[in-house]
Amino acid sequence: MEQRQWNDQKVLVLGTAKSGIAAARYLASVGAEVTVNDGKTPSESDQAVLASLDVQTVYGGHPLTLLDDIDLIVKNPGIPYQIELLQEALRRNIPVWTEVELAYHATDATWIAITGSNGKTTTTTLVHELLKTGSRRVHLAGNIGFPAIEIARQAKRDDIIVIELSSFQLMGIDQFRPYTAAFLNLSPAHLDYHGDFESYGEAKARIFKNMASSDRLILNADDASVNELGKTANVTPLLFSRRQSAYAEIVNDVLTINGSSILPVKELALGGGHNVENVLAALALVEPFDLPLANVQHVLRTFGGVEHRTQFVGEIAGRKVYNDSKATNNVATEAALSGFTTNIIWLCGGLERGADLTPLLDAMKHVKHVIGLGETGHRFGTLASENGYSSTVVKTMDEAVKVAFEVSQPGDIILLSPASASWDQYKTYEERGDHFVRAVHEVGGTTV
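Numbering (this note's numbering), first residue to last: 12 to 459.
FYI, nobody ran anything at the bench for these hints, they're computed from the structure.
Where hints are given, some of them may not hold.
Said to hold, decoys possible - Dumping the calculated PhoX-like pairs for lysine-lysine here, alpha-carbon to alpha-carbon at most 25 Å:
#1 Lys167 / Lys143
#2 Lys379 / Lys331
#3 Lys379 / Lys277
#4 Lys29 / Lys242
#5 Lys438 / Lys413
#6 Lys413 / Lys379
#7 Lys242 / Lys277
#8 Lys413 / Lys331
#9 Lys406 / Lys379
#10 Lys376 / Lys413
#11 Lys21 / Lys51
#12 Lys406 / Lys438
#13 Lys220 / Lys331
#14 Lys167 / Lys277
#15 Lys277 / Lys143
#16 Lys331 / Lys277
#17 Lys220 / Lys242
#18 Lys51 / Lys438
#19 Lys438 / Lys29
#20 Lys438 / Lys379
Stated by the list, open to error - Label-pair restraints from in silico Cβ distances:
#21 Asn263 / Thr144: 17 to 27 Å
#22 Arg103 / Lys220: 16 to 26 Å
#23 Ile155 / Arg449: 17 to 27 Å
#24 Asn238 / Asp409: 17 to 27 Å
#25 Arg449 / Pro370: 25 to 35 Å
#26 Glu55 / Gly456: 44 to 54 Å
#27 Ala280 / Ser224: 45 to 55 Å
#28 Gly422 / Ala59: 52 to 62 Å
#29 Val69 / Pro91: 14 to 24 Å
The model shown is predicted, which means the values in this text are computed figures rather than measured ones.
All C-beta atoms in this analysis are idealised placements derived from N, C-alpha and C, irrespective of residue type, glycine included.
Please model the complete structure; the sequences and the hints are all you need to start from.
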């Protein structure tokens with residue numbers, strides 16, 4: 012779209028996270044009068060960066076006087092709309108954007124956007140990898156890349172920007188209109204922020220609120236909630252499915268887009284049925300860009316996923332090993348377990364948060380052995396033994412991996428998908444996943 016002019020506009024940037032600082036830097040550079048506000052005192056490094064910019068700063072609270080004469084608020088996505096400052100801004104009809112909307116006004120590049128409760132990061136990364144094989148310059152923006160505004164300010168007209176969008180970010184868009192977009196799935200999440208499931212779904216559906224008939228919207232045919240929301244779109248959606256006939260579908264175990272065969276499913280580097288859905292969505296998103304089939308096939312055969320998200324670690328001692336440390340709840344682990352059709356050695360457990368584990372049973376039909384670890388390890392062991400599954404309960408990741416190789420056979424799958432947060436033993440799920448990968452190579456060897 013035509014780039015907006017910001018001379019003499021008064022803008023309040025709310026929040027000093029990475030996207031907030033990037034927004035402040037951009038706005039100051041294009042002539043806006045910028046105030047940066049954070050309810051807490053930022054780190055010394057962030058304060059130093061902001062001090063080097065031509066902006067005003069207010070830390071330690073959100074005084075309502077900040078709204079005087081303000082033309083626009085650009086807020087950090089995680090800041091809830093319930094705070095008094097934002098409620099008053101809405102009463103005064105002051106526009107409240109997230110940084111994504113700001114980025115949209117800063118470039119005339121082509122946007123591809125992906126949202127959903129699960130699979131966003133994998134699909135977004137795969138789309139980026141596919142488009143990199145084409146003739147146009149492509150950028151990865153948002154939660155898994157650089158802040159959108161940093162990308163937008165350098166992107167040229169013929170460039171493509173691929174962005175993963177959360178419900179938080181989508182709440183703050185106004186005119187944002189992607190050329191192609193995908194809504195992958197919807198399951199309850201972030202209800203403390205949105206209030207209820209309906210509001211959460213409506214926030215996600217904002218991804219297509221400005222799309223028109225010339226745009227391309229991709230929806231999951233197998234998700235009733237997504238399809239119901241899709242009825243409000245001003246563009247006829249194209250559907251993907253691994254269970255029924257659709258625009259992007261599986262025909263005789265072959266990935267098929269609009270009737271054209273792409274690749275046998277068995278040749279995908281990505282593991283798990285849920286990732287087949289992600290691949291179908293990605294292929295539908297990139298189809299208009301006329302990528303050479305050989306390039307697409309090469310990416311699909313080599314792209315093993317994003318670290319810690321059903322990441323294919325390798326075939327080690329004849330076992331296919333997957334790192335799904337990002338799976339910190341039942342829904343994510345159910346998707347991982349149900350995506351495989353051979354014997355699974357399942358490593359699970361972590362921080363105790365009192366979750367009901369019984370919903371996992373429906374996804375466990377291919378589980379051969381359960382290895383519980385961490386605070387909830389014993390509960391996973393009990394779940395297994397009470398329902399006819401063999402199990403072992405251990406204390407550490409090293410023990411768990413050792414047992415996994417002992418109880419498995421060549422051809423089996425070793426899957427870390429904890430269905431639990433990592434904070435009982437690790438600072439982050441990434442640290443947990445890295446430990447798993449190291450242990451796998453130490454115990455099983457490094458032949459991939």
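Here is how each hint holds up against the structure:
1. For the suggested pair Lys167 and Lys143, the alpha carbons sit about 16 Å apart, so the restraint of at most 25 Å is met.
2. Distance hint between Lys379 and Lys331 is fulfilled; the C-alpha atoms sit about 14 Å from each other, no more than 25 Å.
3. Proximity of Lys379 to Lys277 is assessed by CA-CA distance (about 21 Å); at most 25 Å being required, the pair is judged to hold.
4. At most 25 Å may separate the alpha-carbon atoms for a hinted pair to count; Lys29 and Lys242 exceed this at roughly 35 Å.
5. Our distance criterion of 25 Å between C-alpha atoms is met by Lys438 and Lys413, whose separation comes to about 23 Å.
6. For the suggested pair Lys413 and Lys379, the alpha carbons sit about 16 Å apart, so the restraint of at most 25 Å is met.
7. Distance restraint check for Lys242 and Lys277: the Cα-Cα separation of roughly 34 Å exceeds the 25 Å cut-off, and the hinted pair is therefore not satisfied.
8. A C-alpha spacing of about 15 Å is found between Lys413 and Lys331, which places the hinted pair at or below 25 Å, so the restraint holds.
9. Between Lys406 and Lys379 the alpha-carbon distance is near 20 Å, which keeps this suggested pair within the 25 Å criterion.
10. The straight-line distance between the Cα atoms of Lys376 and Lys413 is roughly 23 Å, inside the 25 Å bound, and the hint therefore holds.
11. Restraint check for Lys21 and Lys51: satisfied, since their Cα atoms lie roughly 22 Å apart, inside the 25 Å limit.
12. Taking the CA atoms of Lys406 and Lys438, the gap is near 17 Å; set against the 25 Å cutoff, the hint holds.
13. Straight-line distance between C-alpha atoms of Lys220 and Lys331 comes to about 42 Å, which puts the hinted pair past the 25 Å bound.
14. For the given pair, Lys167 sits about 38 Å from Lys277 by alpha-carbon distance, which is inconsistent with the 25 Å threshold.
15. Using a Cα cut-off of 25 Å, the hinted pair Lys277 and Lys143 holds, with the two alpha carbons roughly 24 Å apart.
16. A hinted pair counts as satisfied when its Cα atoms are at most 25 Å apart, and Lys331 with Lys277 qualifies at roughly 13 Å.
17. Our distance criterion of 25 Å between C-alpha atoms is met by Lys220 and Lys242, whose separation comes to about 11 Å.
18. Proximity of Lys51 to Lys438 is assessed by CA-CA distance (about 22 Å); at most 25 Å being required, the pair is judged to hold.
19. A threshold of 25 Å between alpha carbons decides the hint, and for Lys438 with Lys29 the separation of about 21 Å falls inside it, so the pair holds.
20. Among the hinted pairs, Lys438 with Lys379 is inconsistent with the structure: their alpha-carbon atoms are about 30 Å apart, more than 25 Å.
21. For Asn263 and Thr144, the Cβ-Cβ distance of about 26 Å falls inside the hinted range of 17 to 27 Å, so the restraint holds.
22. A C-beta distance of roughly 23 Å is found between Arg103 and Lys220, which places it inside the suggested range of 16 to 26 Å.
23. Range check, Ile155 to Arg449: Cβ separation about 23 Å, and the 17 to 27 Å hint holds.
24. The supplied range of 17 to 27 Å is broken by Asn238 and Asp409, whose beta-carbon atoms lie about 45 Å from each other.
25. Here the CB-CB span from Arg449 to Pro370 is close to 31 Å, well matched to the stated 25 to 35 Å.
26. Between Glu55 and Gly456 the Cβ separation comes to about 46 Å, which falls inside the hinted range of 44 to 54 Å.
27. The hinted range of 45 to 55 Å is not satisfied by Ala280 and Ser224, whose Cβ atoms lie roughly 36 Å apart.
28. Judged by the Cβ atoms, the range 52 to 62 Å given for Gly422 and Ala59 holds: they are separated by roughly 55 Å.
29. At about 19 Å, the beta-carbon gap between Val69 and Pro91 stays in the expected band of 14 to 24 Å.
Consistency note: the structure conflicts with the earlier hints numbered 4, 7, 13, 14, 20, 24 and 27.
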